[in-house]
Every structure is written in structure tokens, then in C-alpha cells.
Amino acid sequence: MDKQNTFRIGTGAGFSSDRLEPALDLLRHGKLQAMVFECVGERTLAFGHRDRRSDPTRGYNPLLERRMRAVLPLAHAAGTRIVTNMGVANPRAAAQHTVKIASELGLKGLKVAAVTGDEINHLIGPDTHLMEPDCQLSETGREMLAANAYLGIDAILPAIEAEADVIITGRVADPSLFLAPLAHHFSWQLDDWPTMGAGTAVGHLLECGAQVTGGYFADPGHKEVPDLAHVGFPLAEVTADGSATITKLASSGGLVSQRTVKEQLLYEVHDPNTYLTPDVSADFSRVNLADDGQDRVKVNQAGGTRRPDQLKVTIAFDGGLLAEAEVSYAGPGAADRARMAGDIVAERMRDLHGRNGPMRVDLIGVSALHASAVDYPATAEDVRLRCALRASSQAEAELLLWEVEALLCCGPAAGGGYRGHITPSVMTYSALVDRADVVPGLEIFTA
Amino acid sequence: MKAPLRRIAHARSGDKGNRSNLAIFAYEPADYGVLLREVTTARLKAEFGGLLLGEVARYELPNLHGLNFVMDQALEGGVNESLNLDGHGKSWSAMILAMEVELSGDE
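Chains E and Y supply the protein sequences, listed in that same order.
Residue 328 in numbering that gives the first Met the number 0 sits at position 329 of the first sequence; the count goes up by one each step and never skips.
Residue 22 in numbering that gives the first Met the number 0 sits at position 23 of the second sequence; the count goes up by one each step and never skips.
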């Protein structure tokens, strides 16, 4: 492979709480031209808005400080551009904080870009149509926290053209974080849809980090993964036509095989013919995979057609408080006693406290995750009762915890190990807006 | 001969909102035909009807010897709304592999 015509791009994080040391290994030894930290999901974006509400200088990824302190010196030494959506709900504050860290580290002149414009609260109103649950926003009866459109590479490219060393965005489509440096390097035309689709496939394969290198894959006896405890993050060697080899450092754990690549290629994909991003309608249906040596898989034949005219928007709402309380039972009849305990809590929440909203009762060890779908034999002798509900007040949430804890003396025999948690929660729904109404912004800060 | 799907296939599931996707791949290309014949939307509905409240669509990927299922309203509201511990529906892919399938195609 001609080194001049190959772009090496790696993953530094595949989700908000991802590990750090595999990213540092890749920076040290991967000879990367760009590294992407993908840290925003429907859940984490909503948390970002919640954080920013309580402190206007926050709302970015909570690990940004720790990541940037370790990453910036290595990236600077290796000449690797960092692209990340760690700005979450506050990319400007994230960029300013990153510049402060760079200055403290003596990285004078480091340019940090904040890509903005994804927050489009002004385009959303009570009559905005929500795709799920297929209603108008006002019908949810909930208070909107914020609305963020998925930006594409047209929002990131100006930051690369401005030669930013670190590019920090908010809500950007995950594959776009990877596609932007590729498109810039190879001077791809933004309406060259097949190539945009090929680059998007590369981004999609890399965006979840270890999920293509053996993470989220191991199943002892069926799918073995060597040294999963030290699973490495992926990198791609991309060529000018958008085809790529997915691989990892030989020194890291995990594996790259056609199986790991296949699973990730369709992860969170619906119609494989039309994987919609702001950049392209990508086509993964004809992708061809080929072994290319140890832990190397060649990916080609991804394609694409014209990008959509509308952008997807995630709208976050205050979701009240999630109250969860648990207590355990063991020995013969454990499942029956746990079930009885759950029934008692439900009865008392309804009759004594007048609460009619949904409450979930799980028997962990018997049927917790898919109780409504599967009839498991209720013979388990180590069962944990879990009661959960969404409360609109702290008092309502505390009531559930109290009722479950009170089972210790007043409930069935031999219950123990009570724990209760109250967690502020957010809800998200999706809508569409016209692309022309969304205007990306760029600010550059220099250390 | 009947066997659990797990013997011939591997799977991964993902989520977007209240919609779940489940991709199933034959380990061996020769078993792709078994997936096509046995793992149908009707079969999924029959096995997991209690969870699959909406439409189920199946996409075929002959190049990858796999199928992709897209299941609407399958996540009790989705990760930010469901009271299910597994709001993402991550455990789906493992559960589906318990399904018994007929391996031989001669009938």
C-alpha cells in the first residue's frame, strides 16, 4: 500500500465513558494523522444539557479534563489531529477549557476549534412533530431542555481548513467526525456520494471503538477473544477511493476479523441500503470484506446516494426522577418470596399512597430484562427484587425507596441487602428540520 | 436436525430511540440458507411477541451471510424512558440465539 496515499485514522473513544489507555497506545504507536473521540449518545447529550443547566461553564464530557491532559502532548508529538464531540452540550466551554489545559502543558500555539450551531431550540415549538411517539411536542406535556440537530462534515471542514489541532463539536453525526478529515485529506467532493458513503462506512466501523476489535463480541466457547482485558482501539488505513483496512496495534488485546467487522457494520443500522447521515445516504448492503493478514480486514464496495434534505434533531426533556429500590431473597422459595414482596410494594404504592403511574417489578435472577417476552422457570434460589418508577418529585421517589426498605421487617421471610437509588433523568425524542435552517458556527481559540 | 441458532450464528443488537436492530450472521456461508429459511419476521413475532409491539422488518445481506432485523416499539420507550435495566436492548442479541432452528433443508 502506498503510504503517501493512505490516511491513518484511529479511535480514541467509542462512547462517553470509554477507556483512556488504548487511545494513548494508539497515539504513541499508531502513526495516526487523525484520532476521533466519539462521546455523545442520546443519553449523554441529555445529561450534558442537565449539567449545563446547573452550571453554565459545564455541559461537556466529564472526562474531557482527564483525556485532554493525557492526549494533547502525545497528539502534538505525533502530529495527530484530534476530532471529538466531547463538547456535548457546550462545545465552546469545552474548547476554552482545552486551551487552558494546553497552556498549562506548555503547548503554546495549539489551536482548538469549537464547532457550534447544532443547538437549534429556536426552530422547535409546541407544534413540532416528533417522529417517535408520532405526536406534536406539546402533547408530551414535558418541559423541553434543548434541541440539537445532527451536523455533518460541512460543519467540521472549516475547522480543518483553519488548521485547528483539536476540533471540538457538540451533536455531530458520529461517522462525520471521521469522514471530515478523510474528505479533507483526499479532497473528496461533498457530492461524490459513493465516496462519501465509503468514508461513512469507515467512520461507522470505527465510531464505537473496541466494538470492532473484539469488544462487545466475546462469548466463551463460541466466540473467543484473546486478552480482552487489554482490548485495543481500532485504526483504519484508508485509501483515496474510500476503501480501507481495519486493524489494531499488534501489542494490544482483542481481534479484528470478518466477524467483528460484520457485527459492527450493521450495529444500530436499519435499512442497510439507506444509512442516513447528514452527509450521504450510505449503502452498506454490498460491502465486501476480505482478510488482509493477522487482525486486518479490508472493507470495500460501500456506496451512497444523495444526502437527505432534512437533518435529524434530538430533543431532550426533563424526565423527572428515576427511583429504583432492590432487596434480595435466597434459598428454596426465593422467587415466590421476591414476587410476593413485589406485589406488596405495588399494592401499597397504589392503595396507601394513591399512586397510579407505571411501576416496574423485576425478579433479577429469574426474569429481569425481558420478563414480558420469555417464560423462564422460576426455580432460581438467589433472586433480587427490583422495583422502579419515574417520579415527578423527590418525595414520590423517596416513597418507593421507603416501601422497599420497609420490607426488611414487614415483608416476606429472609429478605436482605436493600439498596435504593434516586437518579435525575432525561428523556429524548427525535424530529426533523430543514437543512437550510441550520447554520453551523466556528470559533478558534489558541493556547 | 434441530439446534439452537447459537450453534451456527452470531449476533449483535443496537438501538435508536424505541427501535431495536438485530443483526444475525452465519458463521459458515453454507448456513446462510438456514437463516433465510428459519429466522423469519413471523418466527420472531411468534417467539417474542410480548416485546415486539410494532413492525418487524428483515433485510438480507447475502455478501455478509447475514440478516438485519429492525423492530419498532421494541424497547419499552427506549433508553431514556424505559424502566427496563437494559433500556438499550443490548441483551436481545444473546437471547435470540437460544431459538431452535431446523438445520437440514430436506423436506
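A couple of the hints might just be wrong.
Unchecked claim - Straight-line alpha carbon distances no greater than 35 Å define the calculated DSBU-like cross-link-like pairs of lysine-lysine that follow:
#: 1; chain 1: Y; residue 1: K1; chain 2: E; residue 2: K30
#: 2; chain 1: Y; residue 1: K44; chain 2: E; residue 2: K30
#: 3; chain 1: E; residue 1: K30; chain 2: Y; residue 2: K89
#: 4; chain 1: E; residue 1: K311; chain 2: Y; residue 2: K1
#: 5; chain 1: Y; residue 1: K44; chain 2: E; residue 2: K311
Rather than coming from a laboratory, the hints here were simulated on the basis of the structure.
Each hint tested on the structure:
Distance restraint check for K1 (chain Y) and K30 (chain E): the Cα-Cα separation of roughly 50 Å exceeds the 35 Å cut-off, and the hinted pair is therefore not satisfied. For a cut-off of 35 Å, the pair hint linking K44 (chain Y) to K30 (chain E) is broken: about 48 Å separates their Cα positions. A distance of roughly 34 Å separates the Cα atoms of K30 (chain E) and K89 (chain Y); the hinted pair therefore holds under the 35 Å criterion. A threshold of 35 Å between alpha carbons decides the hint, and for K311 (chain E) with K1 (chain Y) the separation of about 44 Å lies outside it, so the pair is violated.
In summary, the hint linking K44 (chain Y) to K311 (chain E) is supported, as the alpha carbons are separated by about 29 Å, within the 35 Å threshold.
Violated hints, listed in ascending order, are 1, 2 and 4; each of the other numbered hints is respected by the structure.
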